[in-house]
Amino acid sequence: MTILMTVLGVVVFAIGLLFSIAWHELGHLSTAKLFGIRVPQYMVGFGPTLWSRHKGETEYGIKAIPMGGYIRMIGMFPPGDDGKVTARSTSPWRSMIEDARSAAFEELKPGDETRLFYTRKPWKRVIVMFAGPFMNLILAVAIFLSVMMTFGINTQTTTVGKVSDCVIQQSENRDTCKPTDQAAPAKAAGLKAGDKIVAFNGDRTEDWATLQKHIRETVGPATITVERAGQQLELKANLIENQVSKIDGEGGSIEGQYVVAGFLGFSPASGIVEQSFGQSVDRMGDMMQTGVESLIALPSKVPDLWDAAFGDGERKQDSPMGVVGAARVSGDIVNLDIPPENQVAMFLFLVAGFNLSLFLFNMLPLLPLDGGHIAGAMWESVRRHLARLFRRPDPGPFDVAKLMPVAYVVAGVFVCFTLLVLVADVVNPVRIS
2 MTILMTVLGV VVFAIGLLFS IAWHELGHLS TAKLFGIRVP QYMVGFGPTL
52 WSRHKGETEY GIKAIPMGGY IRMIGMFPPG DDGKVTARST SPWRSMIEDA
102 RSAAFEELKP GDETRLFYTR KPWKRVIVMF AGPFMNLILA VAIFLSVMMT
152 FGINTQTTTV GKVSDCVIQQ SENRDTCKPT DQAAPAKAAG LKAGDKIVAF
202 NGDRTEDWAT LQKHIRETVG PATITVERAG QQLELKANLI ENQVSKIDGE
252 GGSIEGQYVV AGFLGFSPAS GIVEQSFGQS VDRMGDMMQT GVESLIALPS
302 KVPDLWDAAF GDGERKQDSP MGVVGAARVS GDIVNLDIPP ENQVAMFLFL
352 VAGFNLSLFL FNMLPLLPLD GGHIAGAMWE SVRRHLARLF RRPDPGPFDV
402 AKLMPVAYVV AGVFVCFTLL VLVADVVNPV RIS
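Every position in the sequence shown, counted from 1, becomes a number in the working numbering once 1 is added.
Keep in mind the hints are simulated off the structure, nothing from the lab. Mixed in with the good hints there might be a few duds.
What the hints assert, rightly or not - In the PhoX-like style, the derived pairs of lysine-lysine whose C-alpha atoms are separated by at most 25 Å in a straight line are:
1. 193 x 110
2. 247 x 188
3. 214 x 197
4. 163 x 125
5. 163 x 247
6. 122 x 317
7. 122 x 110
8. 193 x 237
9. 125 x 110
10. 214 x 237
11. 56 x 34
12. 188 x 163
13. 193 x 179
14. 163 x 193
15. 179 x 197
16. 317 x 125
17. 122 x 163
18. 125 x 188
19. 237 x 163
20. 122 x 34
21. 214 x 179
22. 179 x 34
23. 188 x 110
24. 110 x 56
Every value quoted in this text rests on a predicted model; they were computed, and no experiment measured them.
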């Protein structure tokens, strides 16, 4: 039964992956057609074609390997300086450029001269290339906001989970009290597990971050209003200074960093809490920032990935994860002993996170990514504006094809990194519980 449920989770993720890819390519397709660019192919996946159908001038299809997708637009690169697109060369680097240029015109038909990608204004090309990643961003935001505002997310609450018996500095990393330890202020005040703290010194506390801030800013007497068994009680506590973990501004602790602050002495309970629109937007901003930081940190993760894949290294929870790893996590979600609605929420968050990663990754200003084509169009616009400003001849389209050798190097690096992540996902996968 476990194997069957795991397979079901993988299949569900594969469907979500295919939809995300198709949604991305739909952004490119719709804007290309809007600007009159001919698009011979719209394909989801790579490799052999499993199914295809022609509608109008475009072939729509699904291929065997669901690792990406593409649309084929006519005239992605301009002709060479000599106006030709099929000139040959013995230089391997030059051959890369000419092969890319030839592929951009291989399906050229009479009348296509006015429907080439490179002939469109730079701002139109930017829109066409940005539309794909932007569709992924739209999908990610829609899923994140929907789940957070309707279902909620697992977060620390103002309900008391556990009351400390004594005062222990958090850097000591111990749970047992010594005879010489002072009693915790929360225990002395009569705070109990299950109490919901609704106010601190008369100020309402709707969330854990606010309550935590009040506690840390207070040393000395304080009034704590709690809900217990349907009744409100006022407890008197005498907070003391203690060494506690430094927080990140959202109520989370920063590992290994400590500060001296007011101390009450209890652990908050966690629960599924619906978020307001404002809270959801704030969390989306945090996710975007974390995503950017993770993308920048990818090169530094390679040694740990290598150790996890080919050595005895531990696979860290924030380790980069590929499609195979995400599919395994999807299978793990289906097997978790949690309510079905929690499983659905976790799966939706997984798909949303994948789409957010697609957006950020594709915005890198490197060929063959969408961001590389965007950077090329923007540079062309700058060149042409400078030429007009200084009354110089129009430099013409920026020949992105000349960057194809760089694109091959970048693609090679991406392929190597993808294979490393694939091996790590197979032999030492990220697990959830």
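Do the hints match the structure? See the list:
no.: 1; hint: 193 x 110; verdict: violated, 78 Å
no.: 2; hint: 247 x 188; verdict: holds, 23 Å
no.: 3; hint: 214 x 197; verdict: holds, 17 Å
no.: 4; hint: 163 x 125; verdict: violated, 58 Å
no.: 5; hint: 163 x 247; verdict: holds, 20 Å
no.: 6; hint: 122 x 317; verdict: violated, 46 Å
no.: 7; hint: 122 x 110; verdict: holds, 21 Å
no.: 8; hint: 193 x 237; verdict: holds, 13 Å
no.: 9; hint: 125 x 110; verdict: holds, 22 Å
no.: 10; hint: 214 x 237; verdict: holds, 18 Å
no.: 11; hint: 56 x 34; verdict: holds, 13 Å
no.: 12; hint: 188 x 163; verdict: holds, 10 Å
no.: 13; hint: 193 x 179; verdict: holds, 21 Å
no.: 14; hint: 163 x 193; verdict: holds, 8 Å
no.: 15; hint: 179 x 197; verdict: violated, 29 Å
no.: 16; hint: 317 x 125; verdict: violated, 42 Å
no.: 17; hint: 122 x 163; verdict: violated, 63 Å
no.: 18; hint: 125 x 188; verdict: violated, 65 Å
no.: 19; hint: 237 x 163; verdict: holds, 18 Å
no.: 20; hint: 122 x 34; verdict: holds, 14 Å
no.: 21; hint: 214 x 179; verdict: violated, 28 Å
no.: 22; hint: 179 x 34; verdict: violated, 74 Å
no.: 23; hint: 188 x 110; verdict: violated, 82 Å
no.: 24; hint: 110 x 56; verdict: holds, 17 Å
Violated hints for the displayed structure, listed by number in ascending order: 1, 4, 6, 15, 16, 17, 18, 21, 22 and 23.
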